[in-house]
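Chains as they are written, first to last, in the working numbering: chain W, 1 to 252; chain Y, 1001 to 1430; chain U, 2001 to 2318.
These are computed hints drawn from the structure, not numbers from a lab.
Keep in mind that the hints are not guaranteed to be accurate.
What follows is a set of in silico ranges between Cβ atoms, one per label pair, in the way DEER data are often shown [what the hints assert, rightly or not]:
#, chain 1, residue 1, chain 2, residue 2, range
1, W, L170, U, G2241, 28 to 34 Å
2, W, G21, U, D2111, 26 to 32 Å
3, U, S2159, W, V252, 27 to 33 Å
4, W, T146, U, R2085, 34 to 40 Å
5, Y, N1303, U, D2197, 54 to 60 Å
6, W, E150, U, S2189, 22 to 28 Å
7, U, D2111, W, I19, 29 to 35 Å
8, U, G2241, Y, K1161, 29 to 35 Å
9, U, E2317, Y, C1066, 45 to 51 Å
As the structure is a computational prediction, the values presented were derived from the model and not from experiment.
Even for Gly, the Cβ is constructed at its ideal location relative to N, Cα and C.
What follows is each chain in one-letter form.
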Amino acid sequence: MKIAVLMRVVPDPVEELEIEGHDLDRDFLGYVLNEFDDHALEEGLLLKEDTGGSLTAYAIGTADEVEQMLHTAIAKGADEAKMLGEEIEAIDAHAQAATFTNAIRDSGFDLILSGVQAADELDGQVPMLVAAALGIPHMSVVVGTTPQGEGLRVTKEYWGGITAEYQVTLPAVLGVQTAREAPRYVAVARIKQAQDSGALESVDLVQPDPAGRIRITEMRLPDIGDGAEMIEGDEEAAAERVYEILSSAGVV
Amino acid sequence: MGTEISPKVDPSRVIEHETYELEGVDISGHWNRMFEQRVIFDYDVEQLDRVTALGGGESMGYCYQCAQCIAVCPVDHVGDYGPRKIYRKLQVGMDFFTSDDLWLCTTCGNCLRVCPKEVDMLQIIPAVRKEAVLEGTVPPELQDVFEKTARYGNPLGKNSKRRHAWTKGLDVEVPIIADLDRKVDVLWWVSDYPSYHPRGMEASRSLARVLTKLGIDFAILGAEERHDGDSMLRAGEQGLFEMLADQNIETLNKYEFDVLLTTDPHAYNAFLNEYPARGGEYNVEHYSTFLAGRIEELGLSENIGSKVTFHDPCYLGRQNGVYDEPRELIEALPGVELVEMWRIRQNGYCCGGGGGGMWLDGFAADNQNMRLSEKRVLEAVETGADTLCVVCPYEVSRFEDAVKSTNNDEALVVRDISELLAQAMGLATG
Amino acid sequence: MANILVYAEHLNGEITDASFELIALARGLVSSTDGNVEATIIGTGAIALADQLGGADTILVGETDALGEFNPQGHAAVFTDLISRRQPDICLVPYTSIGMDVASVAAAASDLPLASYCLSVDIQSGLTATCQLYGGKVEVDVEIDGDRAIFAMLSGCASADQGRSGGAGVVESIDVAVPDLGISFLSLSEPEGGDVDITAEEVLVAIGRGIESEDNIEEAQGLADAMGAALGASRPIIDQGWLPKSRQVGKSGLSVKPKVYLALGISGAPEHLEGMRDSATIIAVNSDPQAPIFGVAHYGWVGDIFDFMPELTDRLEG
Chain W
1 MKIAVLMRVV PDPVEELEIE GHDLDRDFLG YVLNEFDDHA LEEGLLLKED TGGSLTAYAI
61 GTADEVEQML HTAIAKGADE AKMLGEEIEA IDAHAQAATF TNAIRDSGFD LILSGVQAAD
121 ELDGQVPMLV AAALGIPHMS VVVGTTPQGE GLRVTKEYWG GITAEYQVTL PAVLGVQTAR
181 EAPRYVAVAR IKQAQDSGAL ESVDLVQPDP AGRIRITEMR LPDIGDGAEM IEGDEEAAAE
241 RVYEILSSAG VV
Chain Y
1001 MGTEISPKVD PSRVIEHETY ELEGVDISGH WNRMFEQRVI FDYDVEQLDR VTALGGGESM
1061 GYCYQCAQCI AVCPVDHVGD YGPRKIYRKL QVGMDFFTSD DLWLCTTCGN CLRVCPKEVD
1121 MLQIIPAVRK EAVLEGTVPP ELQDVFEKTA RYGNPLGKNS KRRHAWTKGL DVEVPIIADL
1181 DRKVDVLWWV SDYPSYHPRG MEASRSLARV LTKLGIDFAI LGAEERHDGD SMLRAGEQGL
1241 FEMLADQNIE TLNKYEFDVL LTTDPHAYNA FLNEYPARGG EYNVEHYSTF LAGRIEELGL
1301 SENIGSKVTF HDPCYLGRQN GVYDEPRELI EALPGVELVE MWRIRQNGYC CGGGGGGMWL
1361 DGFAADNQNM RLSEKRVLEA VETGADTLCV VCPYEVSRFE DAVKSTNNDE ALVVRDISEL
1421 LAQAMGLATG
Chain U
2001 MANILVYAEH LNGEITDASF ELIALARGLV SSTDGNVEAT IIGTGAIALA DQLGGADTIL
2061 VGETDALGEF NPQGHAAVFT DLISRRQPDI CLVPYTSIGM DVASVAAAAS DLPLASYCLS
2121 VDIQSGLTAT CQLYGGKVEV DVEIDGDRAI FAMLSGCASA DQGRSGGAGV VESIDVAVPD
2181 LGISFLSLSE PEGGDVDITA EEVLVAIGRG IESEDNIEEA QGLADAMGAA LGASRPIIDQ
2241 GWLPKSRQVG KSGLSVKPKV YLALGISGAP EHLEGMRDSA TIIAVNSDPQ APIFGVAHYG
2301 WVGDIFDFMP ELTDRLEG
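This is chain W alone, in the form it adopts within the complex:
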C-alpha cells in the first residue's frame, strides 16, 4: 500500500497566545506537531507494517519544528519525508490543502492520511479539501483501520461512544482522530540518525493561494469570565467557597 501522511504544526497550546492585528503574533510563537497528525502517522505506520508498501510524510515549509517533525517521522519508520515550499504564515486551510494536493497529485498514493482537524482550520478541514481536489472519497473522525481485501475496513467515531464500521475502496483520504494504538516512542538517538541520513527532501513547488474567501475582520482573546464569579484568595479560600456552593446546591 502506498501511503501519504500530511502533517502540520500548530501553535503550541501550552503557550499564551498573543494577537497582532488580525493574526497571532507569530514572532516568538512556539509550534508543535498537530496531535491528530501524530495519530495519522501512527495509523499509517501500522498499515505499512500490515501490508508492506511505503509511507511518505509531507509537511509545508522549512521551519525548525517542521524539520524536527519530519525527522521524527523518518525515525519512526517513514520511508521518505518532504518539506514542501515555504511556510504559510496565515490561517488558510485552502492554501495548505492546495500545496499538499500539488505535491501528491501525480504520485499514485493508495491512501492519504491526515489528522481529522487542526486548531486553525477556519475555512475547512485540510484532509477533506485535499480529497475534494483529488476527486476521491474521504472520511473523517477515523479511530482505526484494518486492511480488508483490496481496501480498508475503517471505524468512524460518532458521539456518546457510538462507532460505525465502513468498507472503503482505495484511493481514499482519511481524517484520523486516534490511531489503533498510541503513537509510538522513538529515541532521540534514532531521530539524530534520521537527521544524519539525509532522507529529508526539500521540494520547491507552486503554492496556489486559492483563497477560502473568508476574511478575518477581528481577532481577540475571548471575553472569558463574563458570568463566571471568579473566586479570590488562596486554595483555602477557594475550597471554602466551593464548599458553600456545594451546600447551597444541596450536594453536601
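Guided by the hints, dock chains Y and U onto chain W, whose structure is given.
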C-alpha cells in the same frame, strides 16, 4: 566412616593419591581425596549474555549470588528486587529488555557499594534501558516525560520561557546572566523542579534571599537553562542526554563565572562526572557545601526550635561523597537538634526519585507494596523528628506526598535546607 | 431575503440536538430579513423523522436505504446535489462527526466558502460569523467574500428546544441519486455499558490534561468520593487510557447535565464544552486565567488543582 566413593560420582573427577605423607603425617588414600570443580550449567545463558554483551553490562556476569545487595536494595525493602535476583532471573530466561524489572531500579548505588564482585548496576541498568528505548519499549509515563523534556527542556512540560517566573515579584534581585553582560562569581543552576514546582519555587526564593544576604555576586540563566539530562541518561535516553548536555554546554560556554552552583544533586553529578567528557568542565559546587563553607557569615540568629532529621540524597551522598556539610548546616541552626535515621550516609535509603523513578511511580505502584518515599518517611517519623530536611529538589514533593499518604501530616514537615536557613536568618521563606 | 438550508443529522433513529439548534438559528436569521428555512434529512428512516423538523418551512426528505446510517461520501453527494438544485444562500451544518464529512466536501464541490467552528452567524449586512480557533483560546470575526456560504456551527449556538417547537413545515420528497460509492456502511456499534453512567450522576468531578499523570487521578477520585460524585474526564485522559471511554465528557463522548460539574485542569475546548455546558452549576479550576472553561463556568478559581483538591477534600471530610 564410609570411604567408598558414590557410584554417582564421575571417577575422572576424583583426585586421590594411594599413598601420601605430608609433614610426617600419613594421609594416604581417602584422607587426601579431592574432587575436581564441577560446573553446573543447566541454564541457557542466552539472556545473561545479551546483557553482558552490552557496553556497560559486562559486570552482570560477575555475580556469585552472595545477596549482600539484597539487604541494602531500597526497592527490595518494599518489594522483590535486587541485582542478585535479576541475575537469577536472567539465568532462568528472563528477557530483561522487556521486563518490568528493568524500570524499578532507582540507580541509588547501594548495591555497588557492598558488592564484593563490583556488579555495577549504575552501568548495567542504563545500558539495558538504552537498548529498550531504542526499540521503543518504554513505560508510557516515562515516554511522556522524554517527549516533554525534548520539546520544552524540562520534564514537567512547562513553558520554557517561564523558567524564571519564580523570581517575579521577589523581594531580592535575581539577575539573568545574559542581561548582566559581565562575569559573575556564581552562576546558579536552578534546575527544573526548583523553577517550576510550587514547593521548589519556595526553596529557590529562600535560597535567593540567603545568597543576597551573604552578599554573593550571583546570576541565573533563566529561560536558557534546560534539564541537565542526568536522569534521562540513567533512564536510558542517552540521545536525549547528549542533546541536552551539548545545548547546556554551548549555553554555559557563552558566559564567564567562577562557580557553577547547583541545588540539584543530579545536576551536580552530571556536571561533575558526565559533562567533562562532552567538553563541559566547570567548577561545580553543591549549595550545601557552598553554604557550609560560609556558616560564620550566615548570621543564624533566630531560634528554629525543632528536632530535625536529614535525608542523604543518593546522588550527593553515596555517589559523590558529600555527607558532612548538610549536617554542619543543620547543627548550626539555633535551637535545632539533629537526630539521625538508622539508614544514613553511605547506607542512606533512596527516596525513589532517581534513575527516572521520579516519573515511574504509577509503574512502581504495580510492583511494590509501598513507595520508597513512604518507607523513608516512616523511618523519619520514628526518630521523633518534627522536620525532615532535604537538599535535593526531587525530594520535597516526594516526601510531602508520602507524609500525606502515610497520614503523618501532624507529625512531620519537609523542608529544604534553604528554607530552614532563611528562617534562622530572619528572612522570609516562600 | 435569504434562503437557508439546514442539514439535519440523525443517528440510530434520533435527530440530534445540534440539528434542532440549527433550525432555531435559521429561524432567528430569517426573522429579520425575510426568507425561507429549508431543512434536509437524508438516509435511512428519514421519512419517519421528518415531522420533527416542523420548525422549518420546508422539509426535504431523501429516504434511502442505500447509505446505511450515514455514508460520508453518499450523504455529502446528496447534499451537494441538493445545494445545486435549491440554491440556498446559506447552509448550516452542525460541526460534528457527521457534519464535518458533509460540509467540507459539499463546500468544495459547490464552490462555496466554508466557515468552521462558528459560534454565531449574522446576515444583516453581508455574511459574517464569529468563530473559535485554537481550542477556544481565540475568537475571530469573519466576513464572507460573496453572498453565499456554508457555516459549520458549534453546539450551543442556539436553543435546541426552540428548534423543536412549532411550525408546520411542508414535507417534500427529494430524489436521492446515489452515485457509485467507494465507501459502504457496514454496521453501527453502541458502547458497552461502563461501570458508571456519568449521564445519570447528580454531581461530577471532571479532570483534564491538568491532572498531568495517571498517578494523580487517585487524588481526584478521592475528592470525587468525598463529594459523592463520579469521576469524568475530557478526551485526552481517555485517549491515554487512564479512564475508560464511559467516563468521557464531550463531543465524541457523552453529554452530561448534572447539578454540579467541577472541572479540574480542563481548558475548555469547544469539543468538551459541548458535552457539559448545560450543567446547572459549573465550577472550574485552572491555572490559566485565559482558559476558555471560565467562559461557561458559573464559578472559577485560577490556581493549581493540586493545591485545591486536598483543601476541598479536607473540608468535605470535616
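Hints versus structure:
no.	hint	result
1	L170(W) <-> G2241(U): 28 to 34 Å	holds, 30 Å
2	G21(W) <-> D2111(U): 26 to 32 Å	holds, 29 Å
3	S2159(U) <-> V252(W): 27 to 33 Å	holds, 32 Å
4	T146(W) <-> R2085(U): 34 to 40 Å	holds, 38 Å
5	N1303(Y) <-> D2197(U): 54 to 60 Å	holds, 58 Å
6	E150(W) <-> S2189(U): 22 to 28 Å	holds, 24 Å
7	D2111(U) <-> I19(W): 29 to 35 Å	holds, 31 Å
8	G2241(U) <-> K1161(Y): 29 to 35 Å	holds, 31 Å
9	E2317(U) <-> C1066(Y): 45 to 51 Å	holds, 49 Å
Checked against the numbered hints above, the structure breaks none of them.
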